[in-house]
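Asker: Single-letter residue listing:
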Amino acid sequence: MSEAILRDVASLAIRLAAERGATDAECTIAEGDEFSATVRLGEVETLKEAGSRAAGLRVLIGKRQGSSYTSDLTDEGVSQMVDAAIAIARITEEDPFAGLPEREELGQIDGDLKLAEADVAQVEASARIDAAKRAEATALGADPRITNSEGAGCETYTGCRVFANSRGFLGSYSSTTASLSVTPVAREGEQMERDYWHSISRSWAGLESPEDVGRKAAARALRRLGARKIETCKATVVFEPRVAKSILGHIFEAVTGEAIYRKSSFLLDKLNEKIAVDGLTLIDDATMPGFFGTSPFDDEGVPSRRTVIVENGVLKNYLYNTYSARKLGAKTTGNGSRGLTGAAGIGHGTLFIEPGTKTPEEIYAAVGTGLYVTELIGFGVNTVTGDYSRGAAGLWIEDGKLSYPVAEITIAGNLSDMLKNIIHIGSDLEFRGSTCAPTIAISDMTISGK
Amino acid sequence: MSSLSNLFGQKFGLTERDLERYLAEALSKGGDYADLYFEYLATSSISLDESLVKSATQGVSLGVGIRVLSGERTGYAYSDDLSPDRILKAARTAACIASGPATEIVHGLKSGEKRDLYPVGVLAGDTPLEERVKLVKRADAAARAHDSRVFQVQAIYADSVRHVLVATSDGRLSTDVQPMARLNVAALAREGEGVPQRGYAGGGGRVGLEFFTGAHSPEAFAEDAARQAIVQLHAIDAPAGEMTVVLGPGWPGILLHEAVGHGLEADFNRKGVSAFSGRVGQQVASPLCTVVDDGTIAHRRGSLNVDDEGEPTQQNVLIENGILRGYLTDKLSARLSGGVSTGSGRRENYQHYPMPRMTNTFMLAGESDPEEIIKTVKNGIYCTNFGGGQVDITSGNFVFSASESFLIEDGKITSPVRGATLIGNGPEALKHVSMVGNDLKLDLGIGVCGKEGQSVPVGVGMPTIKIDHMTVGGTR
Chain A
1 MSEAILRDVA SLAIRLAAER GATDAECTIA EGDEFSATVR LGEVETLKEA
51 GSRAAGLRVL IGKRQGSSYT SDLTDEGVSQ MVDAAIAIAR ITEEDPFAGL
101 PEREELGQID GDLKLAEADV AQVEASARID AAKRAEATAL GADPRITNSE
151 GAGCETYTGC RVFANSRGFL GSYSSTTASL SVTPVAREGE QMERDYWHSI
201 SRSWAGLESP EDVGRKAAAR ALRRLGARKI ETCKATVVFE PRVAKSILGH
251 IFEAVTGEAI YRKSSFLLDK LNEKIAVDGL TLIDDATMPG FFGTSPFDDE
301 GVPSRRTVIV ENGVLKNYLY NTYSARKLGA KTTGNGSRGL TGAAGIGHGT
351 LFIEPGTKTP EEIYAAVGTG LYVTELIGFG VNTVTGDYSR GAAGLWIEDG
401 KLSYPVAEIT IAGNLSDMLK NIIHIGSDLE FRGSTCAPTI AISDMTISGK
Chain B
1 MSSLSNLFGQ KFGLTERDLE RYLAEALSKG GDYADLYFEY LATSSISLDE
51 SLVKSATQGV SLGVGIRVLS GERTGYAYSD DLSPDRILKA ARTAACIASG
101 PATEIVHGLK SGEKRDLYPV GVLAGDTPLE ERVKLVKRAD AAARAHDSRV
151 FQVQAIYADS VRHVLVATSD GRLSTDVQPM ARLNVAALAR EGEGVPQRGY
201 AGGGGRVGLE FFTGAHSPEA FAEDAARQAI VQLHAIDAPA GEMTVVLGPG
251 WPGILLHEAV GHGLEADFNR KGVSAFSGRV GQQVASPLCT VVDDGTIAHR
301 RGSLNVDDEG EPTQQNVLIE NGILRGYLTD KLSARLSGGV STGSGRRENY
351 QHYPMPRMTN TFMLAGESDP EEIIKTVKNG IYCTNFGGGQ VDITSGNFVF
401 SASESFLIED GKITSPVRGA TLIGNGPEAL KHVSMVGNDL KLDLGIGVCG
451 KEGQSVPVGV GMPTIKIDHM TVGGTR
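Protein chains in written order, with this note's numbering: chain A, 1 to 450; chain B, 1 to 476.
Keep in mind that the hints were calculated from the coordinates and are not lab data. Remember, it's a predicted structure, so these values are computed and weren't measured experimentally. Heads up, a few of these hints could be off.
Stated by the list, open to error - Subject to a maximum C-alpha distance of 20 Å in a straight line, what follows is the list of computed EDC-like cross-link-like pairs (lysine to aspartate or glutamate):
1) 11/B to 76/A
2) 378/B to 468/B
3) 263/A to 428/B
4) 134/B to 80/B
5) 450/A to 428/B
6) 401/A to 361/A
7) 234/A to 237/B
8) 263/A to 34/A
9) 431/B to 190/A
10) 451/B to 34/A
Unchecked claim - Some chain B residues judged to face chain A by a derived CB distance under 10 Å, without partners named:
11) 63
12) 85
13) 277
14) 281
15) 340
16) 395
17) 402
18) 403
19) 431
Quick reminder that beta carbons are idealized off the backbone N, C-alpha and C, glycines included.
Throw the hints in and build the complete structure from the sequences for me.
Answerer: Below, the structure written as structure tokens:
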């Protein structure tokens, strides 16, 4: 459907909700078309092509709220969605803090945010297949020890999001995504290791070349061969950018207004306190054109913005949606986020830490001996207590250089200590996806192995 | 021709002739096989936070996914509009995976034998909303009453009913109505101004509201969540290094899901990228271990009358007395390896093509008394509750995160310890199982398994087991 039609559907839902007794309402519609190709060992494995759309509605009747959703965007489908939301609102209880943003808080940022690039919609199926084949062929040809592949995939996506509420907000924006990835398998004797490389861009032209994607993936898989388990010890752990960003995610979780009002955060009551080393500045920015965390307005119709969360180690701001801000006597920071339906949660724009001055090589040299982590698995992070324990694989740093691969170990500590023990922040910040970090080194972590 | 007697016939006027027309269109450019997966999903959920029922949601989604197989190739398209034009368009799109003359479909769709693994008197979604609201309110009250140190409770109740219809070009028609209900409780406890600790509990399955009584009552889940949070208040740092690990019965069976289950899914093995590839007939666990995946247990979260390719589920023996017996297959991997499907083809919804997945994965009971198992351990750790887990199926390395564990000292369970990740290698870890308890338990029904972006409900189970060495990722 066209963006104009989807805007009409959202407006209809808001109007019907008001007619049927809602005192406030908000409607989100998302539409998307996905095209993907996967290849394995040079042959097409899957082709997928489809589009879908769905709407979600939240109504307030006084201080009670109810939500519903539907994939049926006909007038009848919308009408049923409205009835369902109003019916279910009746079983909820009055929540004094429930409600939409104030009228003056609504709006969107102007200018071309470069979220949709025309070249994505024009990509032919054969171009996706070709890109995936070339990425995989490069990976397979990189070294005789690359003996197999889990395949390569290329995907393009075009989507549109519409939001309307009963306080006069109606906004919409389109976005596009192109991505390319390959997962080669390296083998030496009985040992098999896989790794991947993934490139993602708002435009087709912005993707890394298939050959670069293939080369990087192959190099990553190869350097894991011969991995050994090491003795349990305390050491400095260097996080490569791809895994360092996960730590930003844990900080984000702990600074959401939701975690704060529930008192379920290791960063509770720490505003304006020193929580990390001097050099650490963490920013959430949803306004940078072309970035994956960018949007003109958040999922409650509040303009997107830039918020400094941590400045030189001092916790400056929590991130709020309308609800958590009201609970805590603050103002929304434009971080309302939701899928389609229900009350908004809290999300981030592009979350990143400002780069330092050292190159990764200078960091390895400064660390001397330690662990360079390239993969983290598992969910052993508790952002209430800060307890941190995850499965890891990577390379041992010896004499200031990356040396042999290690695997089947864990790294553990507590996030409160880890943030204060950051001893190096790399200069190698690259913006890929919506959470981005340079190389960082954290001292005094426990590595558990043999 | 009259409409089909299921929901898709009644609501959308779908006829057998329509199905054959769509299948014929899907094979209009050749190909070996095509199937249609119609899905209608209705859900509702109720959440309580700070003792208030703050929000509730209900909704429906529906669509059809069309798949064409041609050799090792899969063409897939879907539509969330069930009008004939849109379905035919999706069929033509999926058909493009092949290029040749049309393949004939088998006319006269036949249904397999019907079974009913999850009879429910009244679907949870058809009971009065007030009855369902009571469940979260009761959970909140019970968690707070358990101990005055409990200061935050969140309770979420959710139910769904999924109607599916699978029609295949080899002439099979399968339908199923799959109910699901679940109640989860999270509690936070704090002593004075100390660090808060949390506990989780919950359960459910392919059940109606009558499930939530007795051991599955909101009070039982709430008290367990509160109890875990309280225990953690006095937990000491977890140890680090290799040691003896005893896993309690039930949910710790997530070990099997990560250590062996994923590695035995046939897609990875067909491609030779799993640490278990080519190892059928080899010893991959101690002779005490027999591990099965069983989609036929009544009312379980992972159970299905038919899988998402229309095949009946079954009990599949993965490891028998330590010997690897077989893989979990879907139609594509069975076709390519010359075998038959083990009824393990599953998908998240109509927007995804199926792949081999687990259902309910568990280890059969052994002969040891669980208390005797603990007594044999001089120094070790006893883990009774877990968060999530993850595996790298190629290297075989897996983790799972203990959320409730205790030290074992001189054969006795002593101090509670803080959360820690356990790490091991799939084909090796179970070789160190030295004792298996006689107390097999299945989990309470909260598991969600993710693979390649698709989530499906699963179950796990295990008796108490002793693993002689495994790496525990604490800090001490």
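Asker: All hints, please: hold or fail.
Answerer: For each hint, the structure was consulted:
1. 11/B to 76/A: Judged against 20 Å, a Cα distance of about 14 Å means the pair holds.
2. 378/B to 468/B: Holds - the C-alpha atoms of residue 468/B and residue 378/B are around 11 Å apart, at most 20 Å.
3. 263/A to 428/B: 42 Å, violated
4. 134/B to 80/B: 34 Å, violated
5. 450/A to 428/B: 14 Å, holds
6. 401/A to 361/A: Holds, at about 8 Å.
7. 234/A to 237/B: Measuring from Cα to Cα gives roughly 15 Å; hence the hint holds.
8. 263/A to 34/A: 40 Å, violated
9. 431/B to 190/A: 18 Å, holds
10. 451/B to 34/A: 19 Å, holds
11. 63: 7 Å, holds
12. 85: This interface hint is violated because 14 Å lies over the 10 Å limit.
13. 277: 8 Å, holds
14. 281: 17 Å, violated
15. 340: Since the shortest Cβ distance to chain A is 22 Å, the answer is violated.
16. 395: With a minimum Cβ separation of about 5 Å from chain A (threshold 10 Å), the hint on residue 395/B holds.
17. 402: This interface hint holds because 8 Å falls under the 10 Å limit.
18. 403: 8 Å, holds
19. 431: 14 Å, violated
The structure shown violates the earlier hints numbered 3, 4, 8, 12, 14, 15 and 19.
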